[in-house]
Amino acid sequence: MAIVIYIALQLVVMILLAPLVNGIIKKVKALTQKRRGAPVLQMYFDLYKLLNKSSVVSQVTSWIFIATPYIIVSSALTAALLVPVTTFASPIAFPFDIIMLVYVLALGRFFMGLAALDAGGTFGGMGSSREAMISSLIEPSLLVSIFTIGLASQSTSINDIMLAMQSVSLPLLRPAFTLTFFALFIILIAETSRIPVDDPSTHLELTMVHEAMVLEYSGRQLALMELGAAIKQLVLITLIINVFLPHDQFIAYAGIGGLMLSLLVYLIKVIGFSVLIAVFEASTVKFRFFSIPNLAALSFILAFLGFLQYFVLGR
Amino acid sequence: MTIIKLKSNLLDIFPDDIHRSTLINDNEFYIQVDSRSIVKICTYLNGELGYALLTIFANDERTLTGKYAIYYGFADRKKSQLIIIKTEIAPTAMSFQSISAKVHAASSYEREIKDLFGLIPLGHPDAKRLVLHGNWPNGIYPLRKDYDLHHKPHFSKKETKFKKITGEGVFEIPVGPVHAGIIEPGHFRFSLAGEPILNLEAQLYYVHKGIEKMAESMSIEKCFYLSERISGDETFTNSLAYCQAIEKIAGVEVPPRAEYMRVLFAELERLTSHLGDLAGICLDVAYGFAAFQFRMMRGWTYLIADDLCGMRFLRSVNKPGGLRMEFLESKEKSLIDQLMKIKKELEDTVVIIKQNTMFIDRVENTGILKSAIAFDLNAVGPGGRASGISHDVRKNFPYAAYDKLTFDTPNYVDGDVNSRMRVKLDECFISISLMLQVIETMPKGPIKESLPKLLSHQVAFGMTEAPRGENIHWIMTGENETIFRYKIRTPSFCNWPALCYAVSGNIVPDFPLINKSFNLSYAGNDL
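Chains A and B, in that order, are what the protein sequence lines are. Counting from 709, one number per residue, gives the positions in the first sequence under the numbering used here. Counting from 423, one number per residue, gives the positions in the second sequence under the numbering used here.
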């Protein structure tokens, strides 16, 4: 029974928190541009509005187009169950689940690419070819990063990794982890379609990557696509902050009180990390499309150096 | 070359082809030539003498002479001379010799004439429709005098054909006319091999309003308001070109104070427009900070306009014969303060963006418009000045009080987005400096002159340097103070073909950036 409640709690936290991250990022970006910006809760209003609208579906589409929003959301939610929100324990844990996490998210991306092609629009195909290029460039460094932290904790289960990291004091000051952290940060930026890889707020269809793929969606389906993307973003953020900045070792007592305190700390970390992402986005400009491989290469080099550092210096 | 020398030269070389020549309005030299010899004379003027082709337009003069007339406007920019070649086409012929093969800039004008007058340019390399799309019925030509303005033709369902590029892996993407953002309509057909663009064909003209046709039934007073509404962000410069043409026909000298004030408003409009363009360039590469800096400053320029005349878009400020009101009195102090505030903010922002290497990397070497192409197509304004062509109507054909003020024309040679951005940045500072000079040196006195009754069938050019470049209006008056023909050639008309050249070889995601660096008008191109 407790595990069911725990799973439900984690899902609720992830769904409710995901749009907030976008809100914070947008707000901070607006403030760096001397604007007031939209309310932090704007994405909740948008989702509510979209969920109450019907969808327009092109006649040329197949079942893939209809099924994709559900696949996106369910893959994102599955991924959300694999990362522990409080660094006690993730609801679902088994060996190799970190690799499962990578490919559950890849499944969603795969269907998104198919759905974009399915609608037969001008920009969908462009978006999915670009997304395929970016994700294939990013994947090697993602796996190397994961193996580095896996090696350091002698496990490929996220739960064990996080428990192991709790015993490392200040992991971000250790070269192996510092380098991996930056590699993962670049991956996060690329995976969540942020500047400098993509521009989430652009209206220019020709420059879009992620936005081009959801261009044909409307109403309820669009809401699901947006929510799925937001949850995926939160999953990646959670993975990074809970691996590199574990906090549960500092919370002395267990039980409901400890859980709540842990959640609170987690919330603060998410907000802090969102601000970091926003500041990073605000201080950079979008890359020329063919410069993205350089960024992916940088990420791979960082991950690989971190990997080597582990053998040189240990954890 | 002086007019007298040019005249004797032309008479020497083409003794049998020149019928008549007259010099009017100080610098408009009209030469009437035989329609058969138009190609060689135009080739001589453009090729041998290097006179730029400013415009070609037709006029339905069947009620006057029983014939159509085509005017070829050339400019000797060094001598501030306009040389206008006029040729008459008999209604039985309905065709004229195309000069596009020799003078490349002529291509769009000849296609425009073909669409709107039904005069066929013989020997045109690509004489497909330009202004009217495939759905416009054949045989209906809106700018002929016998076409009723309110007539609504029956549209057919024919589509426009685009140039096909074939080859392995080459595909097309159609973009627009409805876009994801709130921008003007235009259809872009890209032929691509992967991301690099092989060819871009732009189909514009979705917003044809029949302005030139509408003007023909209007009184001179009323047509002024029409000229203000040609393009929303070039209100003042268009109305100024109109006023100048009318003032030339009337032979009226505008009071000096009005001349200075016109500079002030024209430069305010240029500053507003350039700041908007710079914001657009920054926004297209997701450089939010700089984009919103420029937008904020543009907001300030709107406030200045609102402060001065109660109208942010500067409508009803101008008036043939001067300005409508004394707008500036007792506002000099606050105006100087506001301009200095913009200047300070602009200086700070420029320092920041020029140090941002990631940003400079995006704009450098993107969308290069080669100097030779820019010259052939008569690219104007910042688009031309970034490619080594230093035309500026304010210098070449000084109007208002520009000859009494000191300013430079920025000139860059690389022709990329960076150069166009720098031209616009430089011009922002120049505009501010001009406005400050105006406030300092402006004489006191009246600000308007009343117009005498205008004679019929008089012609004159009005030329201004719009924010986007050389802006040319030509007016022929009709009976009872009306307009017989009003030809407007906005800078966008020259620069759209140049944009298509600048784009090729770049990748698709860079197109919006290149497009924004030119920032051409759709509505101001499609009258």
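It is worth saying that the hints were derived from the structure and are not from the lab. Note that the structure is a prediction, hence the values are computed from the model and not measured. Each residue gets a CB set at the ideal place from its N, CA and C atoms; glycine is no exception. Check each hint, because a few of them may be wrong.
[To be verified] Restricting the straight-line Cα-Cα distance to at most 20 Å, the calculated cross-link-like pairs of lysine to aspartate or glutamate (EDC-like) are:
{"hint": "1", "chain 1": "B", "residue 1": "766", "chain 2": "B", "residue 2": "751"}
{"hint": "2", "chain 1": "A", "residue 1": "742", "chain 2": "B", "residue 2": "903"}
{"hint": "3", "chain 1": "A", "residue 1": "742", "chain 2": "B", "residue 2": "769"}
{"hint": "4", "chain 1": "B", "residue 1": "631", "chain 2": "B", "residue 2": "568"}
{"hint": "5", "chain 1": "A", "residue 1": "742", "chain 2": "B", "residue 2": "767"}
{"hint": "6", "chain 1": "B", "residue 1": "524", "chain 2": "B", "residue 2": "798"}
{"hint": "7", "chain 1": "B", "residue 1": "670", "chain 2": "B", "residue 2": "901"}
{"hint": "8", "chain 1": "B", "residue 1": "635", "chain 2": "B", "residue 2": "770"}
{"hint": "9", "chain 1": "B", "residue 1": "763", "chain 2": "B", "residue 2": "623"}
[As the list claims (entries may be wrong)] From chain B, some residues computed to sit far from chain A (all C-beta separations above 12 Å):
{"hint": "10", "residue": "511"}
{"hint": "11", "residue": "524"}
{"hint": "12", "residue": "526"}
{"hint": "13", "residue": "562"}
{"hint": "14", "residue": "595"}
{"hint": "15", "residue": "610"}
{"hint": "16", "residue": "773"}
{"hint": "17", "residue": "778"}
{"hint": "18", "residue": "779"}
{"hint": "19", "residue": "781"}
{"hint": "20", "residue": "787"}
{"hint": "21", "residue": "831"}
{"hint": "22", "residue": "847"}
{"hint": "23", "residue": "859"}
{"hint": "24", "residue": "862"}
{"hint": "25", "residue": "928"}
Hints versus structure:
About 25 Å separates the Cα atoms of residue 766 of chain B and residue 751 of chain B, which puts this hinted pair outside 20 Å; it is violated. Of the supplied pair hints, the one linking residue 742 of chain A and residue 903 of chain B is violated, its CA atoms being roughly 52 Å apart against a limit of 20 Å. With a C-alpha separation of about 17 Å, the suggested pair residue 742 of chain A and residue 769 of chain B falls inside the 20 Å cut-off, and the hint holds. Note on residue 631 of chain B and residue 568 of chain B: the hinted pairing holds, with a Cα-Cα distance of about 18 Å set against a maximum of 20 Å.
Under the criterion of a C-alpha separation no larger than 20 Å, the hint pairing residue 742 of chain A with residue 767 of chain B is consistent with the structure, at around 13 Å. With a CA separation close to 10 Å, the supplied pair residue 524 of chain B and residue 798 of chain B stays within the 20 Å bound. Pair hint residue 670 of chain B plus residue 901 of chain B holds up; C-alpha atoms about 17 Å apart against a cutoff of 20 Å. A distance of roughly 47 Å separates the Cα atoms of residue 635 of chain B and residue 770 of chain B; the hinted pair therefore is violated under the 20 Å criterion.
Our distance criterion of 20 Å between C-alpha atoms is broken by residue 763 of chain B and residue 623 of chain B, whose separation comes to about 42 Å. Distance check for residue 511 of chain B against chain A: the nearest CB is about 43 Å away, which clears 12 Å, and the non-interface claim stands. For residue 524 of chain B, the shortest C-beta to C-beta distance to chain A comes to about 36 Å, beyond the 12 Å cut-off, and the non-interface label holds. Separation of residue 526 of chain B from chain A is adequate, the least Cβ-Cβ distance of about 28 Å exceeding the 12 Å criterion.
The beta carbon of residue 562 of chain B is kept farther than 12 Å from every beta carbon of chain A, the shortest such distance being approximately 32 Å. With a cut of 12 Å on Cβ distances, residue 595 of chain B falls inside the contact zone with chain A, its closest approach being about 5 Å. At roughly 9 Å from the closest C-beta of chain A, the C-beta of residue 610 of chain B falls inside 12 Å, breaking its exclusion from the interface. Every CB of chain A lies more than 12 Å from the CB of residue 773 of chain B, the least distance being 16 Å, so the non-interface label holds.
Not every CB of chain A is more than 12 Å from the CB of residue 778 of chain B (nearest about 7 Å), against its label as outside the interface. A beta-carbon of chain A is positioned within 12 Å of the beta-carbon of residue 779 of chain B; the least distance is around 10 Å. Not every beta carbon of chain A lies more than 12 Å from that of residue 781 of chain B, the smallest distance being close to 5 Å; the non-interface claim is violated. Residue placement check: residue 787 of chain B does not keep its beta carbon more than 12 Å from all beta carbons of chain A (closest about 10 Å).
Listed as a non-interface residue, residue 831 of chain B keeps its Cβ farther than 12 Å from every Cβ of chain A; the least gap is roughly 29 Å. Every Cβ of chain A is farther than 12 Å from the Cβ of residue 847 of chain B; the closest lies at roughly 17 Å, confirming the non-interface assignment. Every C-beta of chain A lies more than 12 Å from that of residue 859 of chain B, the closest at about 31 Å, which supports listing it as non-interface. At the 12 Å boundary, the C-beta of residue 862 of chain B stays outside the reach of chain A, the nearest C-beta of that chain being 32 Å off.
Not every C-beta of chain A lies more than 12 Å from that of residue 928 of chain B, the closest at about 10 Å, which undercuts listing it as non-interface.
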